[in-house]
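The lines below spell out each chain.
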Amino acid sequence: KAGVTQTPRYLIKTRGQQVTLSCSPISGHRSVSWYQQTPGQGLQFLFEYFSETQRNKGNFPGRFSGRQFSNSRSEMNVSTLELGDSALYLCASSSEPSFSTDTQYFGPGTRLTVL
Amino acid sequence: DQQVKQNSPSLSVQEGRISILNCDYTNSMFDYFLWYKKYPAEGPTFLISISSIKDKNEDGRFTVFLNKSAKHLSLHIVPSQPGDSAVYFCAANNAGNMLTFGGGTRLMVKP
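Which chain is which? The protein sequence lines are A and B, in order. FYI, the numbering for the first sequence is 1 to 115, going by our numbering. FYI, the numbering for the second sequence is 1001 to 1111, going by our numbering.
Be aware that one or more of the hints could be misleading.
To be verified - The calculated label-pair distances, taken between Cβ atoms and stated as ranges, are:
{"no.": "1", "chain 1": "B", "residue 1": "1072", "chain 2": "A", "residue 2": "22", "range": "35 to 41 angstroms"}
{"no.": "2", "chain 1": "B", "residue 1": "1055", "chain 2": "A", "residue 2": "18", "range": "45 to 51 angstroms"}
{"no.": "3", "chain 1": "A", "residue 1": "10", "chain 2": "B", "residue 2": "1108", "range": "26 to 32 angstroms"}
{"no.": "4", "chain 1": "B", "residue 1": "1017", "chain 2": "A", "residue 2": "17", "range": "32 to 38 angstroms"}
{"no.": "5", "chain 1": "B", "residue 1": "1012", "chain 2": "A", "residue 2": "52", "range": "25 to 31 angstroms"}
{"no.": "6", "chain 1": "A", "residue 1": "38", "chain 2": "B", "residue 2": "1059", "range": "36 to 42 angstroms"}
{"no.": "7", "chain 1": "B", "residue 1": "1012", "chain 2": "A", "residue 2": "86", "range": "27 to 33 angstroms"}
{"no.": "8", "chain 1": "A", "residue 1": "86", "chain 2": "B", "residue 2": "1078", "range": "46 to 52 angstroms"}
{"no.": "9", "chain 1": "A", "residue 1": "17", "chain 2": "B", "residue 2": "1040", "range": "21 to 27 angstroms"}
{"no.": "10", "chain 1": "A", "residue 1": "111", "chain 2": "B", "residue 2": "1002", "range": "23 to 29 angstroms"}
To be verified - Under the rule of at most 35 angstroms between Cα atoms (straight-line distance), these lysine-lysine pairs were calculated in the DSBU-like manner:
{"no.": "11", "chain 1": "A", "residue 1": "13", "chain 2": "B", "residue 2": "1037"}
{"no.": "12", "chain 1": "B", "residue 1": "1056", "chain 2": "B", "residue 2": "1110"}
{"no.": "13", "chain 1": "A", "residue 1": "57", "chain 2": "B", "residue 2": "1071"}
{"no.": "14", "chain 1": "B", "residue 1": "1054", "chain 2": "B", "residue 2": "1071"}
{"no.": "15", "chain 1": "B", "residue 1": "1054", "chain 2": "A", "residue 2": "57"}
{"no.": "16", "chain 1": "B", "residue 1": "1110", "chain 2": "A", "residue 2": "57"}
{"no.": "17", "chain 1": "B", "residue 1": "1071", "chain 2": "B", "residue 2": "1110"}
{"no.": "18", "chain 1": "A", "residue 1": "57", "chain 2": "A", "residue 2": "13"}
{"no.": "19", "chain 1": "B", "residue 1": "1054", "chain 2": "B", "residue 2": "1068"}
{"no.": "20", "chain 1": "B", "residue 1": "1056", "chain 2": "B", "residue 2": "1037"}
{"no.": "21", "chain 1": "B", "residue 1": "1068", "chain 2": "A", "residue 2": "57"}
{"no.": "22", "chain 1": "B", "residue 1": "1005", "chain 2": "A", "residue 2": "13"}
{"no.": "23", "chain 1": "A", "residue 1": "57", "chain 2": "B", "residue 2": "1056"}
{"no.": "24", "chain 1": "B", "residue 1": "1054", "chain 2": "B", "residue 2": "1037"}
{"no.": "25", "chain 1": "A", "residue 1": "57", "chain 2": "B", "residue 2": "1037"}
{"no.": "26", "chain 1": "B", "residue 1": "1005", "chain 2": "B", "residue 2": "1068"}
{"no.": "27", "chain 1": "B", "residue 1": "1068", "chain 2": "B", "residue 2": "1110"}
It is worth saying that the hints were derived from the structure and are not from the lab. Glycine included, C-beta positions come from ideal geometry on N, C-alpha and C.
Pulled out of the complex, with its shape left as it was, chain A reads as follows (with noise of 0.2 angstroms):
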């Protein structure tokens, strides 16, 4: 079975631009979740997605946005790109959200750098 794949692996962008994420996930898994991790935050909740609903988000401002295709796909944005955005993107997918007890497996991760 495939991974969880994510693109672009690496992206460059200046302060003020947007920019787009996208994840797919494990083939059958329906809950995809979002997670920043920097050297100084570490890993941290952005928002989880599931049958297209956002079903929890983390404490990030409404720059972070996200969306979930029918085909379990998703996708999140960042506008107004800030210098502190720079992070490494990771997109987790896991096939059963109502339970706390599911796995989550992570892509490799997208590297945004914002100049």
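Chain A is fixed; fit chain B onto it per the hints.
Here is chain B on its own, set in the frame of chain A:
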């Protein structure tokens, strides 16, 4: 307020010996705990998990112990191998698939 803490930023062990990585949490609502291994510029790789109804779970060289009263879990790797060198994150979950991660421990296994 950090709900999941890994107080040791780094750990160095000799090949063949036991590696013990520790993790403490404060939120008693967490009911599922996971350990991930991570290399730079890659996504975390799932290692092992444990439900709050258990106190131990084994998978090959990896064993996770959970002490609910102390709100503490640990990952034991026996025997440690150089390929185990990586950053290890513990994570906790409650209903909703919102993993809360610790800050990570860098494990170095010396040949």
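Checklist entry - Does residue 1056 (chain B) lie within 35 angstroms of residue 57 (chain A) when you go C-alpha to C-alpha? => result 31 angstroms, holds
Next on the checklist: For a C-alpha distance cap of 35 angstroms, please report whether residue 1054 (chain B) and residue 1068 (chain B) respect it.
Outcome noted: 9 angstroms, holds
Item to check | Satisfaction of hint between residue 1037 (chain B) and residue 1054 (chain B), Cα-Cα up to 35 angstroms | outcome: It holds: about 22 angstroms lies between the C-alpha atoms, which stays within 35 angstroms.
Checklist entry - residue 1012 (chain B) and residue 86 (chain A), beta-carbon distance inside 27 to 33 angstroms? => result 30 angstroms, holds
Checklist entry - Has the hinted range 45 to 51 angstroms been met by the Cβ atoms of residue 1055 (chain B) and residue 18 (chain A)? => result At roughly 48 angstroms between Cβ atoms, residue 18 (chain A) and residue 1055 (chain B) fall inside 45 to 51 angstroms, so the hint holds.
Checklist entry - Hey, residue 57 (chain A) versus residue 1037 (chain B), does the alpha-carbon distance stay inside 35 angstroms? => result 25 angstroms, holds
Checklist entry - Does residue 1056 (chain B) pair with residue 1110 (chain B) here, judged by a C-alpha cut-off of 35 angstroms? => result 27 angstroms, holds
Item to check | Pair hint residue 1056 (chain B) and residue 1037 (chain B), alpha-carbon separation not exceeding 35 angstroms | outcome: 19 angstroms, holds
Checklist entry - Does the Cβ pair residue 86 (chain A), residue 1078 (chain B) satisfy 46 to 52 angstroms? => result 38 angstroms, violated
Item to check | Agreement of residue 1005 (chain B) and residue 13 (chain A) with the hint, judged by alpha carbon distance not exceeding 35 angstroms | outcome: 33 angstroms, holds
Next on the checklist: Run the distance test for residue 1071 (chain B) versus residue 1110 (chain B): straight-line Cα separation, threshold 35 angstroms.
Outcome noted: Measuring from Cα to Cα gives roughly 31 angstroms; hence the hint holds.
Checklist entry - Within a Cα-Cα threshold of 35 angstroms, do residue 1068 (chain B) and residue 1110 (chain B) meet the stated pairing? => result 32 angstroms, holds
Checked against the numbered hints above, the structure violates hints 4, 5, 6, 8 and 16; every other hint is satisfied.
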